[in-house]
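Engineer: Next come the chains, spelled out residue by residue.
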Amino acid sequence: DAKTTQPPSMDCAEGRAANLPCNHSTISGNEYVYWYRQIHSQGPQYIIHGLKNNETNEMASLIITEDRKSSTLILPHATLRDTAVYYCIVRVYRDDKIIFGKGTRLHILP
Amino acid sequence: NAGVTQTPKFQVLKTGQSMTLQCAQDMNHEYMSWYRQDPGMGLRLIHYSVGAGITDQGEVPNGYNVSRSTTEDFPLRLLSAAPSQTSVYFCASSSDSSRGEQYFGPGTRLTVT
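Going line by line, the protein sequences match chains A and B.
Each residue of the first sequence is one higher than the last, beginning at 1012 in my numbering.
Each residue of the second sequence is one higher than the last, beginning at 2 in my numbering.
No wet-lab data here; the hints were simulated from the structure.
Please note that the accuracy of each hint is not assured.
[Stated by the list, open to error] Label pairs and their calculated CB-CB ranges:
hint, chain 1, residue 1, chain 2, residue 2, range
1, A, ASP1022, B, LEU80, 43 to 53 Å
2, A, GLN1056, B, ARG45, 26 to 36 Å
3, B, ALA3, A, ASN1030, 31 to 41 Å
4, A, LYS1014, B, GLY17, 36 to 46 Å
5, A, GLY1040, B, GLU60, 20 to 30 Å
This one's a predicted model, so the numbers in the text were calculated from it and none came from an experiment.
Note that beta-carbon positions come from the ideal geometry of N, C-alpha and C, so glycine has one too.
Kindly generate the complete structure, drawing on both the sequences and the hints.
Structural biologist: And the structure:
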């Protein structure tokens, strides 16, 4: 799997959009970008994934650059409940191993 | 559906003791996996299974055994616990063909003294 680089922590004001970057400059053509989050000591929660097109679901949007070397997870209206560690993962579709890095700790400020 | 369940929630072991962490899912998922998470760290993959009767090693398999006799259950065994195995353990399962969208259990917090 390609390695990802994420900032260790970020702050965002409540109600504003939270934009979480992820760098994956060595990504291969058949690798997808996945995002998970972990709230306090709970089990991680799947958010979204994409290959090269931008994706949106009820939780977030995923913007992948045209060269696919980086991506941004967008939480459109952050709330205090979005305070969590966010993990960016790149992996081949149907790869048996899903490897987590250290993620970005997002603090939502009231 | 209960989703992914793990028992126990908390456990304290003495060095050298053995125990089994239980994981079960009621979603008929083929893929299941075990992770450990140490303080301030991300999750590290211990073992995984792509179906009943099939298991394989992840990043940190030493000191742990697994088996998958049914689709629903994927127990993790510690044969001789060591303080280095003090951690929070998460079990996960996935049904989709990509195996990327995983559902995680609530975790088991294990302390080895």
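Engineer: Decide, hint by hint, whether the structure agrees.
Structural biologist: Hints and how they fare:
A:ASP1022 and B:LEU80 have their C-beta atoms about 44 Å apart, which keeps the hinted 43 to 53 Å range intact. Take A:GLN1056 and B:ARG45: their Cβ atoms lie about 18 Å apart, and the range 26 to 36 Å is violated. Hint check: B:ALA3 to A:ASN1030, Cβ distance near 35 Å, so the stated range 31 to 41 Å holds. Remark: the range hint 36 to 46 Å for A:LYS1014 to B:GLY17 is upheld by a beta-carbon distance near 37 Å.
Taking the beta carbon of each, A:GLY1040 and B:GLU60 are about 25 Å apart, inside 20 to 30 Å as hinted.
Of the numbered hints given earlier, the model fails hint 2 alone.
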